[in-house]
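J.: Whenever a hint applies, use it, and build me the whole structure from the sequences.
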Amino acid sequence: MASCKKFVTTFGVKHPIIQAPMAGASTPEIASSVVNAGAIGSLPLAGIKYDQPEKLHSILTKYKSLVAPGTDYRNVNLNFFCYDLPNVNKKDVNRAWIRHIQKYFLPFGIASDSYTDTLRDTYDSFARIEEFPEYLEAIIEFQPKIISFHFGIPPARVLERLRSAGIKLFISITNVNELKQVLAAGFDGIILQGYNAGGHRGSFTRNHLTDSKLDTRILTEEVLEYLKLTGTGGDNLFVIPAGSISTGKQIAGYLRIPGVSATQLGSVFLPTPESSVPQYHKDLLTSNPNGFETIMTPYCTGRAARAFKTPFMVKLYKDSINLEIPDYPLPADVFRGLNAELVQKIGRYDYNMYLVGAGHTNLRADPVDVVINRLITECQVVLGK
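Just so you know, we're using my numbering here: the sequence shown kicks off at 4 and counts up by one.
Note that these hints are calculated values from the structure, not bench results.
Careful: at least some of the hints might be erroneous.
The list that follows gives simulated cross-link-like pairs (lysine-lysine, PhoX-like), each with its CA atoms no further than 20 Å apart [as the list claims (entries may be wrong)]:
| hint | residue 1 | residue 2 |
| --- | --- | --- |
| 1 | K148 | K183 |
| 2 | K348 | K106 |
| 3 | K312 | K285 |
| 4 | K9 | K65 |
| 5 | K171 | K183 |
| 6 | K17 | K388 |
| 7 | K216 | K312 |
| 8 | K388 | K9 |
| 9 | K8 | K252 |
| 10 | K94 | K106 |
| 11 | K148 | K17 |
| 12 | K318 | K106 |
| 13 | K9 | K216 |
| 14 | K252 | K388 |
| 15 | K388 | K106 |
| 16 | K171 | K17 |
| 17 | K148 | K8 |
| 18 | K216 | K183 |
| 19 | K8 | K216 |
| 20 | K252 | K17 |
| 21 | K321 | K8 |
| 22 | K148 | K9 |
| 23 | K171 | K148 |
| 24 | K67 | K148 |
| 25 | K231 | K9 |
| 26 | K231 | K252 |
Ranges between beta-carbon positions, derived for each pair [said to hold, decoys possible]:
| hint | residue 1 | residue 2 | range |
| --- | --- | --- | --- |
| 27 | D286 | N92 | 38 to 44 Å |
| 28 | N239 | D353 | 45 to 51 Å |
| 29 | E296 | H60 | 38 to 44 Å |
| 30 | N210 | K106 | 23 to 29 Å |
| 31 | D286 | T13 | 45 to 51 Å |
Only a predicted model underlies this, so the values are computations on that prediction, with no experimental measurement involved.
Every residue, glycine too, gets a C-beta built ideally from N, C-alpha and C.
T.: Here is the structure:
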């Protein structure tokens, strides 16, 4: 477990665990509780527009205020999306997609005039961060131990600027081809997101039809084998499996694999009081302790995401399979907007997408400090510590 020891030593933490940065779910409360327990917390910042640095400051300040005295607030991972910029000018595709999605909401009297042939990018891609130097400098000034990226590699100049500030750079990958690109770019850590991971995995391609569909265990084995055969990465590359990990026993199982540095967990934190997902989502997570079915679908945002297999998700998938999807993340604009109206007008939640990883059982609605300490204790028992 030399890789694990190097991880905790490098980052000054007690436990080789990272809380996943789940956009729309993770909060400063979750991240701070994980950090206070001696692991790495994460803050998802993809939803903050780069021309709004005051919102970034607000989140970072709140997080910092919740970290216990004597604990290093920098033991946190700031996460950003770095996707190819969408083509917002495909009016015919956008118009057809808007009509397609609206038809599900018309029976409820919801037919928003806000959507005609225009869809907005509801996030910001780190690919254009150089246009916003104030935002970039605010990130650097905060001095997080880790900055991580999802969906792609930022410009080399940006990576070098972050490196020169002493920040470790991590990135999500889903196959060996992406690994090769990441090694060439000089990243410090790789998050191995298996096909069973919840939400949007960090695949570099928008096309879900070309997904290699490797589960976490197989992806981990393939990556470690490639690193061994090629002699790349060495002791300076942190390898972190992610996907369908929600117990201390599962954490220990990965940490015992030579070359694995830590594990990343997300779904286990979704039902906690500190999570920002709606109660409907939390109830889905905890209502069946023996597990639940999930579905991988691109038809809510333009990228494949793993979510609960609800009746609506199944219908949307079947109805959409032959249609051209607008570029990620444009479909999320109309999908989320109409769902917000549905909740506001009649209190219906069952037409939304509720993200979760596959294979989880016995998820509980305990506070984050209870969850993280239970995971740590379970892991230590298995490892004999």
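J.: Does each hint fit the structure? Answer for all of them.
T.: To see whether the hints hold, each was checked on the structure:
no.: 1; hint: K148 / K183; verdict: 24 Å, violated
no.: 2; hint: K348 / K106; verdict: 17 Å, holds
no.: 3; hint: K312 / K285; verdict: 15 Å, holds
no.: 4; hint: K9 / K65; verdict: 30 Å, violated
no.: 5; hint: K171 / K183; verdict: 18 Å, holds
no.: 6; hint: K17 / K388; verdict: 13 Å, holds
no.: 7; hint: K216 / K312; verdict: 18 Å, holds
no.: 8; hint: K388 / K9; verdict: 17 Å, holds
no.: 9; hint: K8 / K252; verdict: 18 Å, holds
no.: 10; hint: K94 / K106; verdict: 18 Å, holds
no.: 11; hint: K148 / K17; verdict: 14 Å, holds
no.: 12; hint: K318 / K106; verdict: 12 Å, holds
no.: 13; hint: K9 / K216; verdict: 30 Å, violated
no.: 14; hint: K252 / K388; verdict: 13 Å, holds
no.: 15; hint: K388 / K106; verdict: 57 Å, violated
no.: 16; hint: K171 / K17; verdict: 18 Å, holds
no.: 17; hint: K148 / K8; verdict: 17 Å, holds
no.: 18; hint: K216 / K183; verdict: 18 Å, holds
no.: 19; hint: K8 / K216; verdict: 30 Å, violated
no.: 20; hint: K252 / K17; verdict: 18 Å, holds
no.: 21; hint: K321 / K8; verdict: 47 Å, violated
no.: 22; hint: K148 / K9; verdict: 14 Å, holds
no.: 23; hint: K171 / K148; verdict: 6 Å, holds
no.: 24; hint: K67 / K148; verdict: 14 Å, holds
no.: 25; hint: K231 / K9; verdict: 18 Å, holds
no.: 26; hint: K231 / K252; verdict: 26 Å, violated
no.: 27; hint: D286 / N92: 38 to 44 Å; verdict: 41 Å, holds
no.: 28; hint: N239 / D353: 45 to 51 Å; verdict: 47 Å, holds
no.: 29; hint: E296 / H60: 38 to 44 Å; verdict: 41 Å, holds
no.: 30; hint: N210 / K106: 23 to 29 Å; verdict: 25 Å, holds
no.: 31; hint: D286 / T13: 45 to 51 Å; verdict: 39 Å, violated
Figure legend: structure checked against the earlier numbered hints; hints not met, in rising order: 1, 4, 13, 15, 19, 21, 26, 31.
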